[in-house]
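So the sequence lines, in the order shown, correspond to chains X and W. Each residue of the first sequence is one higher than the last, beginning at 1 in UniProt numbering. Each residue of the second sequence is one higher than the last, beginning at 1 in UniProt numbering.
For the record, the hints were derived by calculation from the structure and aren't laboratory data. Don't take each hint at face value.
[To be verified] Calculated cross-link-like contacts (lysine to any residue; reagent style SDA-like; alpha-carbon spacing at most 25 angstroms): (1) K65/X <-> K65/W; (2) K48/X <-> N33/X; (3) K49/W <-> E113/X; (4) K91/W <-> E132/X; (5) K107/W <-> P79/X; (6) K110/X <-> I299/W; (7) K119/X <-> L117/W.
[Stated by the list, open to error] Chain W residues, not near chain X, derived (Cβ > 12 angstroms throughout): (8) E14; (9) K29; (10) A30; (11) E132; (12) I179; (13) D207; (14) E211; (15) D213; (16) S228; (17) D301; (18) V321.
[Stated by the list, open to error] Output of the computed footprint for chain X on chain W, the stretches with three or more beta carbons under 8 angstroms from beta carbons of chain X: (19) 94-102; (20) 287-296.
Built from N, CA and C at the ideal position, the CB exists for glycine as well.
2 protein chains.
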Amino acid sequence: MAKKKYSIKDIANELNISITTVSFILNGKAKENRISEKLTKKVLDYVKKVGYKPNQLAQSLRTGKSKIIVFMVEDISNPFFSNIARNIESKAHENDYKIIYCSTDNKKEKAQELIRLFKGRHVDGYIITPTEGMEEDINMLLSEKIPVVLFDRYFPEVETSYVGINNYQAAKDANNYLIGKGYKNIGLVTLKSAQTQMTDRMDGYLDALIESDLRPVVKEVDYDNFNSDGIIRDIEKFIVTNDQLDAIFFTTNYLTISGLKAIKRLKRSIPEDLAIVAFDDNVLFSLFDPPITALVQPIEDLSKNLMEIILPQLKGNMDIVKKELPATLLKRASTN
Amino acid sequence: MAKKKYSIKDIANELNISITTVSFILNGKAKENRISEKLTKKVLDYVKKVGYKPNQLAQSLRTGKSKIIVFMVEDISNPFFSNIARNIESKAHENDYKIIYCSTDNKKEKAQELIRLFKGRHVDGYIITPTEGMEEDINMLLSEKIPVVLFDRYFPEVETSYVGINNYQAAKDANNYLIGKGYKNIGLVTLKSAQTQMTDRMDGYLDALIESDLRPVVKEVDYDNFNSDGIIRDIEKFIVTNDQLDAIFFTTNYLTISGLKAIKRLKRSIPEDLAIVAFDDNVLFSLFDPPITALVQPIEDLSKNLMEIILPQLKGNMDIVKKELPATLLKRASTN
Numbered sequence: 001m002a003k004k005k006y007s008i009k010d011i012a013n014e015l016n017i018s019i020t021t022v023s024f025i026l027n028g029k030a031k032e033n034r035i036s037e038k039l040t041k042k043v044l045d046y047v048k049k050v051g052y053k054p055n056q057l058a059q060s061l062r063t064g065k066s067k068i069i070v071f072m073v074e075d076i077s078n079p080f081f082s083n084i085a086r087n088i089e090s091k092a093h094e095n096d097y098k099i100i101y102c103s104t105d106n107k108k109e110k111a112q113e114l115i116r117l118f119k120g121r122h123v124d125g126y127i128i129t130p131t132e133g134m135e136e137d138i139n140m141l142l143s144e145k146i147p148v149v150l151f152d153r154y155f156p157e158v159e160t161s162y163v164g165i166n167n168y169q170a171a172k173d174a175n176n177y178l179i180g181k182g183y184k185n186i187g188l189v190t191l192k193s194a195q196t197q198m199t200d201r202m203d204g205y206l207d208a209l210i211e212s213d214l215r216p217v218v219k220e221v222d223y224d225n226f227n228s229d230g231i232i233r234d235i236e237k238f239i240v241t242n243d244q245l246d247a248i249f250f251t252t253n254y255l256t257i258s259g260l261k262a263i264k265r266l267k268r269s270i271p272e273d274l275a276i277v278a279f280d281d282n283v284l285f286s287l288f289d290p291p292i293t294a295l296v297q298p299i300e301d302l303s304k305n306l307m308e309i310i311l312p313q314l315k316g317n318m319d320i321v322k323k324e325l326p327a328t329l330l331k332r333a334s335t336n
Numbered sequence: 001m002a003k004k005k006y007s008i009k010d011i012a013n014e015l016n017i018s019i020t021t022v023s024f025i026l027n028g029k030a031k032e033n034r035i036s037e038k039l040t041k042k043v044l045d046y047v048k049k050v051g052y053k054p055n056q057l058a059q060s061l062r063t064g065k066s067k068i069i070v071f072m073v074e075d076i077s078n079p080f081f082s083n084i085a086r087n088i089e090s091k092a093h094e095n096d097y098k099i100i101y102c103s104t105d106n107k108k109e110k111a112q113e114l115i116r117l118f119k120g121r122h123v124d125g126y127i128i129t130p131t132e133g134m135e136e137d138i139n140m141l142l143s144e145k146i147p148v149v150l151f152d153r154y155f156p157e158v159e160t161s162y163v164g165i166n167n168y169q170a171a172k173d174a175n176n177y178l179i180g181k182g183y184k185n186i187g188l189v190t191l192k193s194a195q196t197q198m199t200d201r202m203d204g205y206l207d208a209l210i211e212s213d214l215r216p217v218v219k220e221v222d223y224d225n226f227n228s229d230g231i232i233r234d235i236e237k238f239i240v241t242n243d244q245l246d247a248i249f250f251t252t253n254y255l256t257i258s259g260l261k262a263i264k265r266l267k268r269s270i271p272e273d274l275a276i277v278a279f280d281d282n283v284l285f286s287l288f289d290p291p292i293t294a295l296v297q298p299i300e301d302l303s304k305n306l307m308e309i310i311l312p313q314l315k316g317n318m319d320i321v322k323k324e325l326p327a328t329l330l331k332r333a334s335t336n
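For reference, chain X alone in the conformation it holds in the complex (with noise of 0.2 angstroms):
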């Protein structure tokens, strides 16, 4: 059977005092409204005697604060976002902070729409991987002292709190790595993509070829096409179309399992025929046969980085804080 359920005004009439000094005593307010100690106490016995519980929606429209952090990531199906999540998670909770999670499937529409859903929620802050063209949403949140962290991509123009990889040098060290193991026809697939993570991984490959006078030979996708067999069409036919293509670099984990689809497709051989890097790991990539050698994101520091910066945010300091840490990579026998 279910308690009978208090309000404050019940526990008011039952220990005969107003109801004013019982919503001071529950909001930490006794002291500064001169409570005493006795009557604070005994409210507060009583209260966990009976159980109250206070309406969180009414309290957290009362205090502003609702320890909720909403993490927005691109797309949770994606595994480098969905480990993160996880991990951002369970730091959290060790700070007594809820992750709530949602996908902006990289539309801007969809991301926007959400921050004004949590907006008029009361969440208390956002860790936040930005579509293209929200720099004015963000600017917004900035100016009304909320705190935000963008994580994986950010604006160059816009001054805010971030965490992600430096993916221009994983990208020259990766494509530098293939030189130096004699490859001399890199292929580069990416994302048609303005955002900073994307066009960084492309600078990085380009330079890596330019300052050793390769020539670079880029395929971009359209990021709509991605759970069609399009994609993987488009990289046979990027395939085929350069023979002499001798190894690729793939900036994305969807983009390399396309890639190697196309290249089963093809009957090419491993590294035999084309070379493989990828950007992000895959929890199979060790097993393949061969394995893939693979940029490995840090995905323990980069969630506890995210952590660091905006705890304190959440406390009131707004201090802009940005973060980019080291790429690892995997050497493994698709670069042989």
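Starting from the structure of chain X, add chain W where the hints point.
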């Protein structure tokens, strides 16, 4: 520059009418309060013109509706759950609902804390992958007429809406397929769990073997070991000490991946030394050498059914609906 923020009071002042009238109109209660259509239109036009946005938190306190559905999964970094999340999210979006997700880590305390958190914030409904021991929490939601659909597993003694697959039949079919292929010593690697999805998978395996007069050989792994190397070593030991095994049925995706690592370490060949069937497909299983035979859960169809069952509940029709969908056995070379 930010727009001036209008309150209901501002609107009432500028139109020279009462706050109550504005409030009735904005809450769709003009007619029942005998407010003229002309005045209603005037207020709505004005609200649109100045871009007034109601405080959604206050609004949901008033209306009790938030247009938010919570999806509690076991672990968002499990691709099965993150793919379902992604799918439900886009279906909810089409119906003007938002999904927020969170992970229980399969821990009862965390799940209960999350329910408390959301209950205080007026979410409209729940899709829950319950942990063990949550019967009372589910009953409490049901007794308060809050829409709840259980997913993936259920409590036989709690009468709730539910969507999942026919785990018993799927497991039985997969093992009968192995038996038909001539395998005679089929091992089971599963989680130590009393949850229905797990006990049903084990029962399907046991019945298939027993009906064919074969001897079951079962290894149960602790969920807590999950991310450690311990589980791989456990499976290695299981394989070595049961040298008669010619096939293994893994009841989850992660167990399969750990199993593949164990088999690789032991340098056994698939399927020559050991045939493999995985519960849940993985985007890379088809690219494996050899490709891995897997029971595929109908993600699209599961998501569709979850939404079709929860939507009428959100509109007040609390009929209990249960849906058990079939899984499909994708036969690949790991069971040749």
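Which numbered hints turn out to be false for this structure? none
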